[in-house]
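*Asks:* Sequence:
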Amino acid sequence: MSETTTLTETMLTLTLNQKPDSTIENEVDLEKDVEIKSMTVKNMVESLSKQDENDQKKFVEDQEISTLLELANAAYSLDIKKETLDIVCQKIADMIKDKSVEEVREIFNIKNDFTPEEEQASRSEYAWAFES
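In terms of UniProt numbering, the sequence shown is residues 1 to 132.
Take these hints with a grain of salt, some might be off.
[To be verified] Think about it this way: if two alpha-carbon atoms lie no more than 30 Å apart in a straight line, the pair counts; the simulated BS3-like pairs of lysine-lysine are:
#: 1; residue 1: Lys57; residue 2: Lys97
#: 2; residue 1: Lys37; residue 2: Lys91
#: 3; residue 1: Lys42; residue 2: Lys97
In short, the hints are calculated from the structure, not lab data.
As the structure is a computational prediction, the values presented were derived from the model and not from experiment.
Build out the structure end to end from the sequences listed, making use of the hints.
*Replies:* Written as structure tokens, this is what we have:
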């Protein structure tokens, strides 16, 4: 079994085990969920860093943005080899390349908290950033 297959199975298991209705009611379960997810992401990043560049690129290709952000944060925090972090970050950069501000907000699930006046002022001040 290849490491890519193992990582993919780990991701599938992690996704299937997520609890959509997690609440603070049961802090022990919540803490355990966080601990398990943290260890899973750590193990994924460590396994990913042992793969060659092509396998790393293949693995990150089909990952969702939330997973890529977790991988990037873990790779950075764990001081995993720079090439792995670069591959994950490049994939994230490719996902937002040539996207509008609104599209980037949607990808990262960022709420627009600017008033219409503030947004217009920003667009005027940084017009170069909004040119196609």
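*Asks:* Each of the hints needs a verdict: does it hold here or not?
*Replies:* Each hint, compared with the structure:
With a C-alpha separation of about 17 Å, the suggested pair Lys57 and Lys97 falls inside the 30 Å cut-off, and the hint holds. For the proposed pair Lys37 and Lys91, the alpha carbon gap of about 22 Å is at most 30 Å, so the pair holds. Of the supplied pair hints, the one linking Lys42 and Lys97 holds, its CA atoms being roughly 28 Å apart against a limit of 30 Å.
Checked against the numbered hints listed earlier, the structure breaks none of them; every hint is satisfied.
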